[in-house]
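Based on these hints, arrange chain B on the given structure of chain A.
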Amino acid sequence: AQKVTQAQTEISVVEKEDVTLDCVYETRDTTYYLFWYKQPPSGELVFLIRRNSFDEQNEISGRYSWNFQKSTSSFNFTITASQVVDSAVYFCALSEAGTASKLTFGTGTRLQVTL
Amino acid sequence: DGGITQSPKYLFRKEGQNVTLSCEQNLNHDAMYWYRQDPGQGLRLIYYSQIVNDFQKGDIAEGYSVSREKKESFPLTVTSAQKNPTAFYLCASRQGDNYNSPLHFGNGTRLTVT
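Protein chains in written order, with the numbering used here: chain A, 1 to 115; chain B, 116 to 229.
Treat the hints with caution; some may be incorrect.
[Said to hold, decoys possible] In silico BS3-like links for lysine-lysine, alpha-carbon gap of 27 Å or less:
#	chain 1	residue 1	chain 2	residue 2
1	B	Lys129	A	Lys102
2	A	Lys38	B	Lys124
3	A	Lys70	A	Lys38
4	B	Lys124	B	Lys185
5	A	Lys38	B	Lys129
6	A	Lys3	B	Lys172
If you're looking for bench data, these hints aren't it; they were derived computationally from the structure.
Everything numeric in this text was worked out from a predicted model, so none of it was measured.
Same shape as in the complex, but just chain B:
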């Protein structure tokens, strides 16, 4: 079945360490997205990529980095510069980059930094 796989489901890190969250999709979608979810704040866009080897900053990109070397993969690195990294991270994709297309989401990764 086609879908988006995020791994791991739970991730624990010490403060000051970089950590990379995996996102893989087999839907053959062109566009991929990373959102951060915090209680009471909804989903906020971190980065997005419309095609391979290209990506743009979202609303809260500071302290994060991404790469898009393959169409299927869009990993997110949470760097030590991110001041409040503990959150639930959701990866999404959609066909093309049309504003009328719904996003398809993965199951998310819950990151805890202590």
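If we strip away everything but chain A, and leave its shape as in the complex, we get:
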């Protein structure tokens, strides 16, 4: 069965600090996709990135970067030089090829960035 674990319930940092959000997943499938979503206070989940199981290249997008390691079943998300606008709940999710309709979410990590 597929499972996503985000062990960090809440993280507080001061603006300009770097912060890493952890995501560990479990799956028996060899073909799958991993996603990160951001949920600001408005409530809507915003898609940030997806990564397929055959592509372990790290990705950087501005202040955001993602580290995918199949050996440890992790897909961690780092925000560099955090800003107050980064304050949100962040969700990691897993979608297996064999269960096309089901996206399994972690419990989320609430990030609070203060001045």
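Showing chain B alone in chain A's frame:
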């Protein structure tokens, strides 16, 4: 602009009453989903629909019902049989039903039942 509209944003009901949450999308997406969000539990799948006039139960379908009469609309009814209906409900859609496609979400409806 294309997107998903959920209404109302806040909904209050008395225990024992059925209530229907609206979800409309103009993205021309085939698949639509309903998730429930509770504090500390992430998002859990209630129902999903891959095509019009067809839908499947998710992980926590008991006490809920849906319909998919039009491609654009996927309303969710929370029945009196749902034991803990107070929650934040999110509707989502995606193109086709590919496991590699990201979901697009609405702004959610916060339901409070007293």
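Now for the hints, and whether the structure bears them out:
no., hint, verdict
1, B:Lys129 <-> A:Lys102, "32 Å, violated"
2, A:Lys38 <-> B:Lys124, "19 Å, holds"
3, A:Lys70 <-> A:Lys38, "23 Å, holds"
4, B:Lys124 <-> B:Lys185, "22 Å, holds"
5, A:Lys38 <-> B:Lys129, "32 Å, violated"
6, A:Lys3 <-> B:Lys172, "19 Å, holds"
Hint compliance for this structure: hints 1, 5 are not met, and every other hint is.
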